[in-house]
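> Sequence:
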Amino acid sequence: MSEFIFIFFAGIALTAGLSYVGFSLFKNGSREELFFGLFSSCAGIYYILNSIDSAPVEATMLFATAMFILFPWYLAYQAQYIRKNLLWLITVLGAAYFLSVLLFNFLNMPNIRYFFSYSVYLLTSIYCIGSIRSLSKSKDVPLWPFIFVTGYYILFTAEEVAQNNIEAIFPWRKFIDFAYLDLFPITIIAFKLTLLIYDHWMKTTLQKEVSLYKNNINTILNQTKKFVLSIDLNGSILFVNPYFQEFFENDTQLLDSNLDQLIGKESKHVFQNIVLGSEESSGDFVCKIKTIRTIAWSFVRLGRNPSLKDGQYVSLFGTDISAQIETEEQLRKAFDQLKVLKNKLQTENIQLRNDTLVNSTYGDLIGKSPNFNYVLNRVADVAELDVPVLLEGETGVGKELIANAIHLQSQRKAKAFIKVNCAAIPFDLIESELFGYEKGAFTGADRLKLGMFELAQNGTIFLDEIGELPPLVQPKLLRALQEGQIQRLGAEKVIQLNVRILAATNCNLQDEVEQGRFRSDLYYRLNVFPITVPPLRKRKDDIPLLVEAFCKQFAEKYSKYIKHISSSLMDDLVDYSWPGNIRQLRNVIERAVITSSESILKLANPLPLEVNLSSGNDAIPFQEITDIVPLELFEKNYIAHVLEHCNWKISGRGGASEILDLPPSTLRSKMKKLGISTP
1124 MSEFIFIFFA GIALTAGLSY VGFSLFKNGS REELFFGLFS SCAGIYYILN SIDSAPVEAT
1184 MLFATAMFIL FPWYLAYQAQ YIRKNLLWLI TVLGAAYFLS VLLFNFLNMP NIRYFFSYSV
1244 YLLTSIYCIG SIRSLSKSKD VPLWPFIFVT GYYILFTAEE VAQNNIEAIF PWRKFIDFAY
1304 LDLFPITIIA FKLTLLIYDH WMKTTLQKEV SLYKNNINTI LNQTKKFVLS IDLNGSILFV
1364 NPYFQEFFEN DTQLLDSNLD QLIGKESKHV FQNIVLGSEE SSGDFVCKIK TIRTIAWSFV
1424 RLGRNPSLKD GQYVSLFGTD ISAQIETEEQ LRKAFDQLKV LKNKLQTENI QLRNDTLVNS
1484 TYGDLIGKSP NFNYVLNRVA DVAELDVPVL LEGETGVGKE LIANAIHLQS QRKAKAFIKV
1544 NCAAIPFDLI ESELFGYEKG AFTGADRLKL GMFELAQNGT IFLDEIGELP PLVQPKLLRA
1604 LQEGQIQRLG AEKVIQLNVR ILAATNCNLQ DEVEQGRFRS DLYYRLNVFP ITVPPLRKRK
1664 DDIPLLVEAF CKQFAEKYSK YIKHISSSLM DDLVDYSWPG NIRQLRNVIE RAVITSSESI
1724 LKLANPLPLE VNLSSGNDAI PFQEITDIVP LELFEKNYIA HVLEHCNWKI SGRGGASEIL
1784 DLPPSTLRSK MKKLGISTP
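For the sequence shown, my numbering assigns the number 1124 to the initial residue and increments by one for each residue that follows.
Any given hint could be a false lead.
Unchecked claim - The calculated DSS-like cross-link candidates involving lysine-lysine, where the alpha carbons are at most 27 Å apart (straight line), are: (1) Lys1326 x Lys1150; (2) Lys1491 x Lys1462; (3) Lys1759 x Lys1793; (4) Lys1337 x Lys1326; (5) Lys1675 x Lys1686; (6) Lys1411 x Lys1491; (7) Lys1465 x Lys1572; (8) Lys1572 x Lys1616; (9) Lys1686 x Lys1772; (10) Lys1465 x Lys1411; (11) Lys1331 x Lys1462; (12) Lys1675 x Lys1491; (13) Lys1462 x Lys1326; (14) Lys1456 x Lys1538; (15) Lys1683 x Lys1725; (16) Lys1572 x Lys1562; (17) Lys1456 x Lys1491; (18) Lys1491 x Lys1661; (19) Lys1462 x Lys1411; (20) Lys1536 x Lys1465.
Since the hints were made in silico from the structure, they are not lab data.
Could you build the full structure based on these sequences and the hints that come with them?
Rendered as structure tokens:
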């Protein structure tokens, strides 16, 4: 090439090189621009030295070597394929090449420069191919300029190796006379220029897209029915959309105001703490604007804006939720009212169910015997006094009816009368049934549930079979008695109660206390006014009255016409011991009414045999028993006798539970408690 072309190339290379070195050192610190600048600067000096005939060969070789060392460094940062170990190896081998040239020229040392130069060529070619493979995974940079530069570099090195070793030239060299080394720097500069043109084209395309997106966003901001505004970190308003301006149409100086001035007093601390005082990049809050509208805001803290003093600004997006807030408040009030009505209805339903059950089962209190009149006098003495009452007596004597009579004669008669059978509720549920639970107190507690004590508020609660109350629940009942307080499961607050407690038992609670199954302090609190309801065998004068009342009740129920009860049948009924008491008598009369086809009452089945209380095998009629035994032993022997009579069939038709008029679960519980096991 002529020296003018070299000077022309030198001007291009030096201009580009010095410019990029300056940009890198004083502006952006880019490694890619630094190495390209150094490469171009060395190329410019190389072209100048080539244009001077008297220039030292060693100086020309120095800058040529520098170009080949800097080229892979530039390519690495341009392609973002940085392998520093390989780059430093190329650098060391290039320096060794130049040193071997000096040693050969000045000291006649062995010529080993080709080993180093070929090593540099090979490693640089490998690095170029690796860069292309890395770039093939990305769509951000065009691949073809890198392929062209790599092909040029490999062609240049292949020709030099061929000429140095076998003095061969490629066929096209007969027609093209130029040195690959001379065109290599300007090729790399053209490569860089190609990438710059591509970047400019991409930037122009992106600017058009950004402009389109900006226009679309402006259209959305202008047409949306939401509040959109931007503020700086001092709260000064920088931008508002037309909808916000319409809302404050009277504020002509809106952009000169501070958002803090528009927010209601009760919401200022929320705005200042969450938006202005917090370092969160985004968030949500609710506040009032001029105390007339409630706005739900979402905010985003955006990047630095050089035109702002603090450098950052906040964009807020608001929705007017005043109507929703008002609707939610109305729904909340309606829900609270519905909750009150629901609890009241639940209480009234329980009260109605209890009243219906009592009335349909026993009717009014019936009896004229001295023992029964004594009980009625005791009821009259205690009914109006707000003290606990403990009703004792055998199963089926009518303790529940007496409890209802106490309630109806008390000052709480207009309030709820809640009945709870402690033996009929499973042990693991009785606490939640009595005292209620909060939502989420345990698995399956998906709503708040009022306990029986809360349903009986200002009324009376009747705890039947109190002796079956689990020991773990007894302290809570004691607290309700002593302090008038309960606590729902899962709740922290205490509920104050105003409830009268009536309790009933068919077992000897004093014996239960001595055996450690019942708390003594709870027993003494319940036993303030005990009433013992006599068994039916001690109220024989009342049996004819009860028979007539039950006969009339069931005759009306089953549309029967029962006009007469024979004196012999009445005598049998009066003489019978009735171990099941009134409940057993009622069941016998009901079956008799159902099966009687004439106007005369006839029993469906003979009365059950009397209970054997002796230890022998001979049955002793109940009337002939002279030994007085504990009630628990009497109950055990009678249940065992009934089970033997039913061939140990507990449930179902003709089973012991039907004869004893007990739920099968209660009968099994009594058998376990009394130590009765099946043969």
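> Each hint should be assessed against the structure and marked as holding or not.
Hints, one by one, checked against the model:
no. : hint              : verdict
1   : Lys1326 x Lys1150 : holds (20 Å)
2   : Lys1491 x Lys1462 : violated (47 Å)
3   : Lys1759 x Lys1793 : holds (9 Å)
4   : Lys1337 x Lys1326 : holds (16 Å)
5   : Lys1675 x Lys1686 : holds (9 Å)
6   : Lys1411 x Lys1491 : violated (76 Å)
7   : Lys1465 x Lys1572 : holds (11 Å)
8   : Lys1572 x Lys1616 : holds (15 Å)
9   : Lys1686 x Lys1772 : violated (36 Å)
10  : Lys1465 x Lys1411 : violated (35 Å)
11  : Lys1331 x Lys1462 : violated (61 Å)
12  : Lys1675 x Lys1491 : holds (19 Å)
13  : Lys1462 x Lys1326 : violated (65 Å)
14  : Lys1456 x Lys1538 : holds (26 Å)
15  : Lys1683 x Lys1725 : holds (13 Å)
16  : Lys1572 x Lys1562 : holds (8 Å)
17  : Lys1456 x Lys1491 : violated (55 Å)
18  : Lys1491 x Lys1661 : holds (12 Å)
19  : Lys1462 x Lys1411 : violated (30 Å)
20  : Lys1536 x Lys1465 : holds (21 Å)
Going down the numbered hints, you'll see the structure goes against 2, 6, 9, 10, 11, 13, 17, 19, while the others check out.
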